[in-house]
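Assemble the dimeric complex from its two separately framed chains, guided by the hints.
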Amino acid sequence: MLSDEAYSKIINRILSGGADFAEVFVEERYTNNISMIQGEIEDSSSGKLLGAGLRAFKGNRSIYAYTNDVSFEGLMDVAGRLKAVVGQEIDRDLALDFRAGEHKDICPILLMPNSVSKKDKAAVMRLAHEGASGFSGRISQVVVNYFDYSQNVWIYNSEGVKASDSRVRTRLMVSAVASVNGDKEVGFYGPGAAQGFELFNRIDPRAAGERAARIADRMIRAEYAPAGKMPVIISNEFGGVIFHEACGHALEATSVAKGASVFAGKLGEKVAGECVSAVDDPTIPNAWGSANVDDEGTPTRRNLLIEKGILKSYMIDRLGGLKMKMEPTGSSRRQNYTFAPTSRMSNTFILPGDHYPEEIIAATDYGLYARSMGGGSVMPATGEFNFAVNEGYLIEKGRITRPVRGATLIGKGNEVLMKIDMVGNDLARGQGMCGSISGSIPADVGQPTLRVSELIVGGRS
Amino acid sequence: MEWKKFKDTVFALAKKKGFDEAEIYYSSGSEFQLSSLRGEIDSYNDATSIGVYFRGLKSGKIGAAFAEELTDETASMIVDEAFENYSIASGKDVYFLHDGSGEYPLFEGFSGAFSAQPVEEKIERVIALERSALEYDKRIIMAPTCRLGDSRSEVFIVNTLGLDRHYSSDGGVAVVVALAGEGNSKKTGFTFTIAREPGDIDVSALGKEASKRAIDQLGAGRVKSGKYRVLFRNDMFGQLFATFTSMYSAENVQKGLSIIADKEGTKIASELLTVYDDPLLPISPNSRPFDDEGVPTVKKTLVEKGLLKTFLYDLKTAAKAGTKSTGNAIKSSYRSKPSISMINTVVKPGEKSFNTLVGELDEGIVVTELTGLHSGANPISGEFSLGASGFYVKNGSIVNPVEQFTISSSILKVYNSIVAVGSDAMPSIFRVSSPSVMVSEIDVASE
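First to last, the protein sequences are chains A and B. Position 264 (the first sequence) corresponds to 272 in the numbering used here; numbering is contiguous. Position 319 (the second sequence) corresponds to 925 in the numbering used here; numbering is contiguous.
For reference, chain B alone in the conformation it holds in the complex (with noise of 0.2 Å):
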């Protein structure tokens, strides 16, 4: 059946059904990946998926359901469930749909340059995305992963209060890792970026950087337990600022599941610590016009020199707090709720390049990976207690490499001790765009 066709099905059966207002969240889209192993291609994916997501409004409850077909039968079908769903809906809270007003942001999120790129292209690409890893070393025994994919999407939301909205987007990433092994010393590098183009990924950096970062780990020692100044790298530092990014969600504020719920207006961090949501960031496949509610999305400052200018808000959180949305109503796939989160988190960037930052580290740990944050961090306590390995650092340069530690602390523990932030901004996984950052004091265990 059409999407129209089957929308207006959808529509009246709900209208029958005895919901008020009706909203279908329709999402269509195609995916491609590649991996190389040992100079042939190891596997190969292409895929093509479709997601339909209905939610029922009725006094101010939702009702939702969901199905990967257009027919008939499913329509009537998640009308019905979501129905039943609605009946046991018992909280107090009141949601709303959005009637399709405000402005939308010009949004060009589509190149179809990955589309447009033939598939021969793509896998010299990826062979060549290992070769580059390989050959940096002879002490490198092998890249476990080299990965290229890219993706495009197309959505529609549409509901009966007049919203009618769509777009599309695509773009494209990088995976390495490389893995180097001295003696009994093994040791693995990893290295990730995102793309619009296929010309924005420089495969030969990429494999090169992974590779240097797992030889210039091997032969790693320990540290001694204790207090240490520590310099996050980029992208380690965007790790962990991602992993308590819900302490902004409005939702958990009101819950009281936020430890910044007070703090509104007040100084929450180091004056060097400025951060932004940025929904329509160029580089960010995660971009979009607008959110998963249809609330048109805007950039906005979550962090303005350590003072907590704003929490993220959806429609019902955003009316029961008297304020507007900021359009970060987010679902994880077509078929979950939309919660609030960022959509591209920004940590400004200062003026110091990463060597300058360890010159001033002094004596220190640089870490450059963590571990465990799905597990050792708790989010909503703010606590975390992480695996990391990183370099030791004396006299204001890199003496050794450092392995198998924990670095505790509480998240605002360390927005409050940041004591310098980097020039070197960088594009993590978890949508954090963050530089290299210094940290006065963190618990360290290890022997």
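If we strip away everything but chain A, and leave its shape as in the complex, we get (with noise of 0.2 Å):
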């Protein structure tokens, strides 16, 4: 790393065009990914991303540029480019005094990824193909990934904030594929955390194969699903994507700030049922969302977005904020250097109600229980939102009768928000990869079990 005086002038460069903030990123990230295909090690790579990503504001133009060369020499050639996109030259000599914040590490590691052998990893992932190979004569492929990654980035900004941050993250993934007569389906599972490799002291491998086989298993005897429109119940964990897709997105200043999102000028408006109270959480510890500052170096913090029905706050990032003449949230993200950062999502998730999930069941004459869901997409400018059923059951007369597979649900975010009309007490959380404009990121989604009185459903009958 270079010194705190070295980055002044690099930053001071940047604004000798005129730009009204400029912000220099640095990461290096080690990684490890290992695929295991039928219980056999098929590909295992592993290496070092090194770079950095210079950033200019001027009104409200955003000029990012980013490196591979992180030396003085290269970085200052960077900051010349984007200074003569800004602008004529001024003078400036801003004396930047860093003050690193001080925050207190919410994701602390017992085992840090490059300290753990291969064949350690390795054999985690053969339980976990055991787990999903063994779980029934229906299952005739696994496929079993792992990955884990420690990321150090450093942020300073002509704001005098200086701010590092280390994120470790660590996964497994498990895809089962049952056959029969030559029809197939897959059952996938993927626990990970913002932990290193103790999240195996937490996860057992081998149940993550049998839940990822189990899916597969049911589908592969189920019926196809009925289409149209019904009640739809959602289970609680990975079942909160829709809550990420539907809304979630529609809430990140990156829609917002253009006007191109259904929720933009809603604040302090009723957006949904009077059950419904969400909250975007990067400070969870070692959850996989999580981060002690964000990709801008503001501190992280629990952003609590609707509380029974009303919208309380934006996810928003520097720029969003002043776009929207509001503060950031600590909400800034991306996937690597590459990328300039935005507003993300981090843990989010709708908060518990009352309910027990079963009373919701009991509830319903007649709809689809959604077990486990698979990803989704969304249209924030529309909120037209999709995504699909990995395992679903019909309901009939308040209880669950049997598997259905190929399910899809759609609708519009703010139609849906309305219409959940139960929700549950069994609050927990799943994770996925998030895509948008600044990359793909780990971001948690969660839910408890809920009920949305009205969804379409696509399915064949």
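Simulated from the structure, these hints should not be mistaken for lab results. Keep in mind that the hints are not guaranteed to be accurate.
[As the list claims (entries may be wrong)] Going by beta-carbon spacing under 8 Å, a handful of chain B positions derived as facing chain A:
| no. | residue |
| --- | --- |
| 1 | H980 |
| 2 | S987 |
| 3 | S1014 |
In this text the structure is predicted, and so the values were computed from the model without any measurement. In this text, a Cβ means the ideal position worked out from N, Cα and C, and glycines have one as well.
Here it is, written out as structure tokens:
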């Protein structure tokens, strides 16, 4: 790393083009990826990313450049290119007194990934493989992926911010294929955390394998889901992807600041049923989407997004804050130095309500029970979302009767929030990778079991 | 450190470590991107990057590692890491490196035209792109995305078996999303194009088309659930087709993960379907003279009038199947393992215009947007259930826009129920060029 004085020179060089704000983000990251197919390690690769992203604001305009050359000369060169884009030469010699903010480490690590041998990582994967492949005779193919990374970031800006953070993530992902007469269904489970190898003190790899296999094994014997509008009960944990897609993305400044969100201008208004409260909380110790500071060096904080149906807050990055004339919320994130940061979710979930999940099912005469959700997507400007149900069951007369497969849920985020009419007491979170303009980042989704009074289910019959 | 010296250092270390053979893939490139919002430059990105990916081969097994700087420290780090990765490899598959033999096609993928275009001109063009979208109709609220980008890259692959090749390529892309609103209805329209030279991007036409697509969807109604004849607009058929191309990979075939595994030489589709992989397609920035194992690329027919002609092979799967690599080992980034994929997929166009197809549809649905391709489609089973919007057609004419429905089927069912193929071929995202395609029956779910 360079000295504070060097970063000060780099920042002053960017400012000398007339920029209002300048920032340097330096990242180094060690990664390991191991892939096991049918119990054999087919691919293992590892390496180191190293680079820096420099950013300038002029008015509401953002100028971003990145490079792998993190030497003083390399960064000064990029700073010079930014300066030239911003505008005319002016004399700037801002005395920057960098002060590192104080924060406690919310993600302490016990076993750093690079201190654990790849053989031990392979052993964990083998357990997951065994859990899945031994589940039933219908499981024909098991793929286990493991990855970890240790990311160190340093952030300096023209407002005197000097911050650094170390983020460690470990994740195990199991895909199990069940086959019957040439027909195939896939089950997936991928637990992860902002932890090192100690993740496996908490997560039983064999149970993770079994869970992926269970989904495939049930679904291969399922009929196609019914089609049409019906009540849908979405199970806890990864079921929270519905809030993530249907609402979360449209609460990011990325879309709100442009006015390209269905929730723009709705602060203080009722946007959801009274039983719905939701937060984005990057401060949960060792959670998959947690960090001490965001990628602009702002300390992270818990943001209450919706309280009893009333919209309370957006997720705001520095540039979004400028445009919206609001304070940043510690929500700025990026995949790595090749992306300019922007407002993103971290660990986003609906808070628990009063109902036991069994009670919600019993109160439903006919509908779909979505036990495991797949991924989804949304167009924030219109609120239109879709997502896949990986493990579904039919509810008839208040009981879960039979498995159904191939269901997709579609709707409009602002409408579906209003239709949540029962919220359970069994909050849990699940791990996912969230893709948006600043890349693919780890994010937790979560919710208790809840019911949407009606949703369009895309099925076959 | 110079690239050549770095390469020599790494090869020497690899030999000392005990690898039989070694290979380095080195890429360097730059990217430039501009976006416009309300007539001003909203973001400006300018980047340069390098990446190096090392593979060591020993007794048919591979160990790999990557880095982003060329130093002595990095050279020994990647060789050590690769060796530890090699040491846990347990698969039965036998890997090979290519010796550089074969005929390499002439490749002219680099024009330098985008790099030569002054930044001021790029700024003007992206603002013009947004303006053409905004001025199309007063119901256009904004263009949430309006972006021009270009990139150039140079790739080197060198190994200890004698392979020593490189190529340069460049190209550009334009994307615009227009948001239209009227009453309670808000709709977006999207257009996209790829180009080899700035002059190939018609900003005015692109902007207008995005806005037209948004406006045409305003006031969309619902359809009744049921079975419908469906016409996929060219870009939508391209996206749907691309989602399932992994079934042509010999890797998936050999691992039992392809639904067409035992279908080589047999009919898998309507005879109206013919598909090529054309790695030298002039328009595509993804074109290349050799794949990421250094094997020369070649145009090949995958499906000819409904018959499955070949799978796609890399060195490993080809050796296993007793055939030759088709030159389809592709990395998704410099640091990923090469895996088998199409380079440029081309669905062969027919002779009917889009409007003729709408007439022939008689009663049915034109699909102009698909969502959930990454989540609602299963490339292994071939099943899909996707969010969609489009138009309801009756008596051969468009009656009204429709939204919020899903289409569900399986890809082979779609292949087999193709009843007409348009002449309106169009490159889409996902590197597929496709015309509009009509399918006789698909399950539609809505109200």
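**Item:** Status of the hint placing B/S1014 at chain A (closest C-beta pair under 8 Å)
**Value:** Holds, because the Cβ-Cβ distance from B/S1014 to chain A comes to roughly 5 Å (cut-off 8 Å).
**Asked** Any CB of chain A closer than 8 Å to the CB of B/S987?
**Response** holds, 4 Å
**Request:** Hold the hint about B/H980 up to the distance rule: shortest CB distance to chain A must be less than 8 Å.
**Result:** At 6 Å from the nearest chain A Cβ, B/H980 passes the 8 Å test, so the hint holds.
Comparing the model with each earlier hint shows no violations; every hint is respected.
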